[in-house]
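Participant: If you're matching positions, the sequence shown starts at 4 in my numbering and goes up one per residue.
It is worth saying that the hints were derived from the structure and are not from the lab.
Here the structure is a predicted model, which is why all the values come from computation and not from measurement.
A virtual CB, placed ideally from N, CA and C, is assigned to each residue, including glycine.
Not one of these hints is a red herring.
Label pairs and their calculated CB-CB ranges:
1) L138 <-> D37: 46 to 52 Å
2) L109 <-> W41: 21 to 27 Å
3) R112 <-> P82: 41 to 47 Å
4) L109 <-> I132: 30 to 36 Å
5) F125 <-> R57: 45 to 51 Å
6) S110 <-> L139: 41 to 47 Å
7) R113 <-> R68: 28 to 34 Å
8) K80 <-> Q58: 17 to 23 Å
9) L124 <-> R68: 42 to 48 Å
10) W97 <-> F42: 21 to 27 Å
11) W97 <-> P30: 15 to 21 Å
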Amino acid sequence: MKETTHKTGTSTAIYNTRASKTRKWRPIHCAVCDQRIWFEPIQVTEAEEAPEPRQSWLLCKHCYRALLEEMRRSPVKSPLRLRVAMGIVAAERWPKAYPTELQAYLSDRRWFFFIAASFFLFMILHLVIIVLLPLLAH
Numbered sequence: 004m005k006e007t008t009h010k011t012g013t014s015t016a017i018y019n020t021r022a023s024k025t026r027k028w029r030p031i032h033c034a035v036c037d038q039r040i041w042f043e044p045i046q047v048t049e050a051e052e053a054p055e056p057r058q059s060w061l062l063c064k065h066c067y068r069a070l071l072e073e074m075r076r077s078p079v080k081s082p083l084r085l086r087v088a089m090g091i092v093a094a095e096r097w098p099k100a101y102p103t104e105l106q107a108y109l110s111d112r113r114w115f116f117f118i119a120a121s122f123f124l125f126m127i128l129h130l131v132i133i134v135l136l137p138l139l140a141h
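Take the sequences, apply the hints, and build the full model.
Facilitator: Rendered as structure tokens:
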């Protein structure tokens, strides 16, 4: 557990428990930036004083550092401090918040490839059906 202190002396608890390593076969994604976390994901859970539902997030090291920095700068003194800081960090670091032209282009290219591959597969399927119908009619 880490405690971050506000300028006035109040503290907010951040529970920093390492995620279990039972799922080695599948990479874990960061809750904020959506990147794969290969080594040492950090689980952040709200303090018990926070109102229900208590939330927890799995973060990469970069987003965790940004969260700690935002917690230091935050003027909020309530148990919701972690939730507010997480919202600010997520608004800044979420990759789909401000899509670039490159991301839109790549998304369009994926859809184009999917549609073209679907047309090709349906064309082959219809060709097989057209060829097999006369053979089955005999």
